[in-house]
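Heads up: the sequence lines are chains A and B, in that order. Reading the first sequence from the start, the letters are residues 1 to 380 in our numbering. Reading the second sequence from the start, the letters are residues 381 to 764 in our numbering.
Read the hints as simulated data drawn from the structure, not as lab findings. We put the beta carbon where it would ideally sit given N, CA and C, even for glycine. It is possible that some hints are incorrect.
Taking lysine to any residue and the SDA-like style, the derived pairs with C-alpha atoms no more than 25 angstroms apart in a straight line are [unchecked claim]: (1) B:LYS761 to A:GLN282; (2) A:LYS273 to B:GLY722; (3) A:LYS357 to B:LYS761; (4) A:LYS273 to B:GLN660; (5) B:LYS761 to A:TYR347; (6) B:LYS614 to B:PHE664; (7) B:LYS761 to A:ASP40; (8) A:LYS198 to A:ASP40; (9) B:LYS761 to A:LYS198.
Part of the chain A face toward chain B, derived, beta carbon under 8 angstroms [as the list claims (entries may be wrong)]: (10) LEU3; (11) LEU5; (12) VAL42; (13) ASN190; (14) VAL290; (15) MET318; (16) MET328; (17) LEU332.
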Amino acid sequence: MDLALSPEQQEVRTLAREFAEREVKPRAEAIDHNSEFPRDLVDKAARLGLLGVLVPDAYGGAGLDHLSFAIFVEEVARFCASTAVILDVHNSVGTEPVVLFGSEEQKRRWLPDLAQGKKLAAFALTEPEAGSDAAHLKTTATRRDGGYLLNGTKIFITNAGEAGLYVVMASTKPGSGADGITAFLVGGDNPGLKVGPKFKKMGLNGSAIAEVYLENCAVDEADRLGDEGQGFRIAMRALDSGRIGISAQALGLAQGALDDAVAYARERKQFGKPIAELQTIQNKVADMAVKIRAARWMTWKAAALCDAGLPFTREASMAKLFATDAAMEITLDALQVFGGYGYLEEYPMARRVRDAKACQIYEGTNQVQRVVIARELERV
Amino acid sequence: MDFALNDEQREIREMVHDICLERVEPRAAQIDESGEFPWDIKELFAKHDILAIPFTPEYGGVSGSALTLIVAVEEISKFCATSSLILSVQSLGSLPIWLAGSEDQKRKYLPPLARGEQMAAFALTEPGSGSDAGGMRTRAIRRGDTYVMNGSKTFITGGSVADTIVVFARTDQNGDAPARDISAFIVEKSMPGFKVGKLEKKMGIRGSPTAQLFFEDLALPAANRLGNEGEGFKLAMRVLDHSRPGIAAQALGIAEGAFDLARRYARDRRQFGKPIIEFQGIQFMLADMATQIEAARALTYASADALDRRLPDINVSSAVAKVFASDTAMRVTTDAVQILGGYGYLRDFPAERMMRDAKITQIYEGTNEIQRLVIAREVLKEKG
């Protein structure tokens, strides 16, 4: 057992923390308030190499491991979950499928631009009638000369409208469920791809989430990622490591909430002393810290297993379930420590609660995580 | 980063698992029913060097790694929490000697404990001082080369079967900081003036004797003092920081045992024409239990690894592991009883015993409320 961070991972933490504190923190409130996509932060992150975290050096990326990726996402999410999810989705489910399953030609075509932030990536699996039951998606890919025509509607697509690459799942064999699904790389400039208006949401206001319409969207044979029928497996693998990112995002939300609650409890005086001296506040703080430590070890364990090339589906689902439920509880408790002030939007506490809720839903609802975990338990 | 156990730890886990499956599991219900200390299990553990795991080879042991120890404790606890205490208390009672003993004291006391010829206990709690251990009243008054000890201790796990008992007592009455007047002593059961009182009747861990101890003008050679006068309270707190991962491991093992039982039962039990594990209501309960166990295991192993690496914040990592793993054990065993339904409530199945055993892990070696104070104090500390 070796539970120490490597020097490289520590460096990533220092770099990400500096970026988060200097650049992200001062922008977070405005991003939320104005529902503003933080293009400036994406560009700054790109200059630090944070858009090609999982892309190998040979394609212009940083070539880091998933543990470093988790550390980076956590640090950003301490201050702004919107920015964290934009960078998370781009690096994991958006870009990683190309790294893992792309042909040499596809890698050379897409990865350098993605790694340098010239293009953002999005992942298009979910449909209006295929959420948790992703295998029954309705988007079709019909063969025509030298390629395919894609038709269908995708929904809840993070980075929609901002992305230069969409990893799209469509059925090449309608009616045959998961076995008929194939993955495609569709450029943001493809005339057959249209993006609907940004959804108004409870939180994550800086993140662009919208419907994506594929209307006779023509792609070449060379834009197919992997083989026909391999798409569902590609999607599930992408989501496995995507869940490491969402766990890290939840962890950052929780850690940021705890940090603020601790600072407030030391300052705020009632009954003649700081409320930090009251046992009820101490109990809350202790429970928050316990859950955060557990969530962090679970997230890091899933990442370390992934990096070692070992199975990590079960661990990633457990980390996602645990960390996001913990983030919901902790952000609510931290708001409560602030009392009435926590309810005001001039403090970040309410925003964190709104942002945390999404973590229990996307990248597989926590109910789906339980299904995955129960299924994995059957295998033991 | 690597979460895998090393070869020594894997081998010990397998060895302990096989022995417990064959010899401990069939005894667990009897031990609970009779409430008698399982001498046969103690001999079994001694024979297979399981009791030597907490000790380094230098003092007759086989490991000395905190992580190796908790792996063994976890494994035993899957089958019988009472039996795991034989090993845990051997570690707890010898830790003060290991941490604060002179070379002479270590050479004299540790090897017989490592061989399992003698047994250890740790005597801190008194009727009037539980969480507030600094308020103890047992006294040890120096008279020349000896101390005369008077007082009593309560809730002493293994107190009636121990040969070597580390006892904390007040050596000064006049100081204004009561915790600084406490010293630690090695008491041998053969010393005149040492008496074992009644054994408590308990909800769980019924085969583990919980004793009252009395000291009546017990004369102790000064050579039996551990460390300097006044250092006892600090030592006791350090010992508990080191031993709490063991309680976390015990809780973890109890939870795992209950989870395995519930999963097996859910596969076998048919209702509405199919195994109940095929119902989402049961699947989600099992998924939550497994996730809580995974979290508890991560914290428990990390706290033991922190001890082995001598990291500075072991008081917090130990407290975090103890509080989370024990709360998990309580929830998971309660859910296991629930999955077994009416059968879970019967003595015929081990689920209800596991639930009764789990409760103590939230209470001893510092209640979970005390653990939260320790954690909060650290988190709320001004960061420099």
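- Item | Unsatisfied constraints (hint numbers, rising) | The structure breaks hints 2, 3, 4, 6, 7, 9, 12, 13, 16, 17; every other hint is satisfied.
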